[in-house]
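Sequence lines, in order, name chains A and B.
Under my numbering, the first residue of the first sequence carries the number 126, and numbering increases by one thereafter.
Under my numbering, the first residue of the second sequence carries the number 2, and numbering increases by one thereafter.
No lab work stands behind these hints: they were computed from the structure.
Watch out, some of these pointers could steer you wrong.
Stated by the list, open to error - Computed footprint of chain A on chain B, listed as stretches where at least three residues anywhere in the stretch have a Cβ under 8 Å from a Cβ of chain A:
no., region
1, 27-37
2, 222-235
3, 359-368
To be verified - Which chain B residues face chain A? A few, computed with CB under 10 Å, are given here:
no., residue
4, ALA41
5, MET42
6, TYR240
To be verified - Chain B residues, not near chain A, derived (Cβ > 10 Å throughout):
no., residue
7, ALA45
8, ALA46
9, ILE48
10, ARG52
11, LEU58
12, ASN78
13, LEU134
14, SER246
15, CYS338
The C-beta atom is built at its ideal place from N, Cα and C for all residues, glycine as well.
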Amino acid sequence: MARQLVVFASLNQVALLKRALYREGVYAEMVRTPRCYLFSGCSFALRCQFDELPMLEEMCRKWTIEPGGIFAELEDVPGESSVEEQAR
Amino acid sequence: MIYLDNAATSWPKPAGVARSVSAALTRCAGNPGRTSHHLAMDAAALIQECRENLAQLFRITNPLRICFTSNATEALNLAIKGLLSPGDHAICSSMEHNSVWRPLTALVERGVEFSIAEADSSGVVDVAAVERLLRPNTKLIAIIHASNVNGAIQPVAAIGALVRARGIPFLVDASQSAGAIPIDVQAMRIDLLAFPGHKGLLGPQGTGGLYVSEAVNLRPLKEGGTGSESNSAHQPLFYPDRLESGTLNLPGIAGLNESAHYLLRKGVETIALKEAMRTKRLLASLAKIEGVAVYGPPVELPRAPVVSFNLLGMDPVCVAAELEKRADIACRPGWHCAALAHRTQGTQETGTVRFSPGSFTTMTEIDFVLNAVAELAKESQSR
Chain A
126 MARQLVVFAS LNQVALLKRA LYREGVYAEM VRTPRCYLFS GCSFALRCQF DELPMLEEMC
186 RKWTIEPGGI FAELEDVPGE SSVEEQAR
Chain B
2 MIYLDNAATS WPKPAGVARS VSAALTRCAG NPGRTSHHLA MDAAALIQEC RENLAQLFRI
62 TNPLRICFTS NATEALNLAI KGLLSPGDHA ICSSMEHNSV WRPLTALVER GVEFSIAEAD
122 SSGVVDVAAV ERLLRPNTKL IAIIHASNVN GAIQPVAAIG ALVRARGIPF LVDASQSAGA
182 IPIDVQAMRI DLLAFPGHKG LLGPQGTGGL YVSEAVNLRP LKEGGTGSES NSAHQPLFYP
242 DRLESGTLNL PGIAGLNESA HYLLRKGVET IALKEAMRTK RLLASLAKIE GVAVYGPPVE
302 LPRAPVVSFN LLGMDPVCVA AELEKRADIA CRPGWHCAAL AHRTQGTQET GTVRFSPGSF
362 TTMTEIDFVL NAVAELAKES QSR
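So here's chain B without its partners, still in its complex pose (with noise of 0.2 Å):
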């Protein structure tokens, strides 16, 4: 299989992942925080490493502004939903994934408004745009990093100077940049960081996280047993067991600090690099396809390794469909739970096609998928 659909979960991961991820569930899965035993002590230790290698990838400085989440759309609804109360207005952007959308669509029966910074039709979003929508009540800038529709990436720095200057809350969706692009909290003034631990991560499913800076304080989105203060009835105020309460995942931490530990000795700049040139050798030859429309940026800018395409005359479900019977190609047609992305770039009668190579794609692999588009472009021309 050729496996081009790393932007909805990473496959393959790393060869220690699973190991990790083993070893944790047969030599120290014991609930850490409850108890001093050995295996619950060694599960600490461990949870704590992982703390302190995303904090490395991201430039945290203090990893106990890390809290695990099981994904990056809870970490999303942790920032959005522990952060705003009635009559709060937020802005987000109109590249943004459902995780966002959905959260401040919800919040409005609550009293919570929010404005879309429309972006060009190549998904990029301009720092003006985002300047226009500020209001005194805004209390929340939510942008994501890069398009999980076309891979384009936000000028996260640029915002990030505009709010910080405002004193409002600037919060990530790393979903699709976490691992593929290199990313500073502190150069890019960001508040909040969402990420997902399964994706460029090259961590295990059911794995994500939430960095809080410490000029921000949220509500938990859910209260309980944290090890700590066990006597109270109230939650504890302090990161992260604020807001991480019931038993971790701790199988699936092993294995995400097994891939960050992995992603440190490559160096993510590194994987963006090797990534870049996959995404750049689709974009150049895709377009020169006859019947095939790309979309997203120019391809002498940067993106995120997404590449989203059409066959004109035929539905993306039909080529993802074509392109795995006869070529064992893993993609994802569709709307890919982005909505207004797809607005914004004008598909959302159909969707499009996605390319999402990742670490481990060849160059090999990538011309032979290109074959396989431009057989299957010519059969739908000839029709």
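Next up, chain A with everything else stripped away, as it sits in the complex (with noise of 0.2 Å):
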């Protein structure tokens, strides 16, 4: 399975990130797991593909977004996914 990217932000900031990557042609899947709570200030995540991570990466300091963590992960379980790394 293609590695993927775990971002945990604020539900704001992932809708931000969200559509701007839509607008580059980049399907971000908006997500919420027990997970998130474990992040300050961050009630969501969005999934997305790692390869998209210099793009995120660009889109957070455009808009002064800190997020709360940016993971690669294996595995995609809905709901709970097991995030293995900080990205970067």
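Could you use the hints to bring the two separately framed chains together as a complex?
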């Protein structure tokens, strides 16, 4: 399975990133898992392909979004994915 | 009815606005940010889309710095009370609406001082008048972009340049200009932009917002549920959550989103041009009617679509009542919640009659209104 990214941020930030990615032709999924509560201020998460990491980082810089974390994961379990490593 | 009260609230709205409000209530009225079922997620996407459309209209680079409020008054209170502390000094103009004058006056009891930059009798404030009032403890300049009394447009870009050089936050009240006059927060160096959703932006009542630049941090007016940092006793520091507590007005924002789409499609410049033609016709023709006094800047100067006048010897309230009774014309007489502005233009005793054409006002309607005023003036003069 392709590696995926999970970005934890607030709902408004996640919604902004999702729409911005969509305009770039990238589909990302907004999700909410129990893990969201582990990161301060991050009630939602965005799941997309690992390849989008540079674009996501650039978008976060542009809108001064400080995500609770950008993680790479190996599994894709709905509701509670196993977040394995900090992407960068 | 001929509706010339768009400065109070615009009417009619673009056709899609009511449909969008209804669709939000029937199809995606979840509570955004509180959960992840599809109704809530759809609501969140809609709200974000509206933030982005508004950002595009005002040339705001970060949509997350737009916080929704229930109207411009709430946005102005949020900016003024969220920024000023005891010992601070603020400057406003003598054309301000009560929604700036009253919050500043209320803060005087809490140790805030403010000065008023006097406009000339046509309602325009000189940049030098603002500069003369600056003090070392000046922490806010609050200026109305376009007067709701006579349409006078303030030199906000010049004032913005003056205060940006001194690092003082610049608050612009765009109640009469948002959607009616192009606004560029970057070029105008605006730090705080307060706007209603239901006037020139053509959205539903109960909507509005405040843009807060990244150079400014405000104390919230209200704390509460934001759907973020829910385990903390403290309000989040990040925007817009910092200033947006409680469930948002999703149906209203859906309508505002649709009207923002409409404005982006039509172009604010195009709408401004159309409204300026109607306003100029009103001004030029009213000035030619015997017994009519017209207020505000000379007809050749740009102004928002707001015209203030009086029929000599007739109370403005009676003029408005007669116009409605005889010709079904809707306008607004009185002081327009702006005593300072009426004092500036010398109409504090009686107020004025205000005509405010909008996006959907036709030239035929303007001519009909002018005829009705001319007839009333003739009768008034012959008494």
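Hint by hint, here is what the structure shows:
As drawn, the region 27-37 of chain B meets chain A at 4 residues by the rule of a beta-carbon pair under 8 Å; at three or more, the given contact holds. A stretch counts as covered by a chain when three or more of its residues have a beta carbon under 8 Å from one of that chain; for the region 222-235 of chain B and chain A the count is 6, and the coverage holds. Given as covered by chain A, the region 359-368 of chain B fails the check, having 0 residues with a CB less than 8 Å from a CB of that chain where 3 are the minimum. Using the Cβ-Cβ criterion of 10 Å, the hint placing B:ALA41 at the interface with chain A is satisfied: the shortest such distance is roughly 9 Å.
For B:MET42, the interface hint holds, since its Cβ comes within 10 Å of a Cβ in chain A; the closest pair sits about 6 Å apart. At a threshold of 10 Å, the smallest CB-CB gap from B:TYR240 to chain A is about 8 Å, leaving the interface hint in force. Non-interface status of B:ALA45 relative to chain A is broken: a Cβ of that chain comes within 10 Å, the nearest being about 5 Å off. Distance to chain A contradicts B:ALA46 as a non-interface residue, since its nearest Cβ pair spans about 6 Å, not more than 10 Å.
Non-interface call for B:ILE48 relative to chain A: violated, since the shortest CB-CB distance, roughly 7 Å, does not exceed 10 Å. Distance check for B:ARG52 against chain A: the nearest CB is about 8 Å away, which does not clear 10 Å, and the non-interface claim fails. Against the 10 Å criterion, B:LEU58 stays outside the reach of chain A, whose nearest CB is about 17 Å from its own CB. Annotated as non-interface, B:ASN78 keeps its C-beta farther than 10 Å from every C-beta of chain A; the closest such distance is 22 Å.
Its beta-carbon lying about 33 Å from the closest one in chain A, B:LEU134 satisfies the requirement of being farther than 10 Å from that chain. With a least beta-carbon separation of about 13 Å from chain A, B:SER246 lies farther than 10 Å from that chain, consistent with its non-interface assignment. Look at B:CYS338: its CB is around 32 Å from the nearest CB on chain A, clear of 10 Å, so calling it non-interface holds up.
Against the hints set out earlier in the document, violations occur for numbers 3, 7, 8, 9 and 10.
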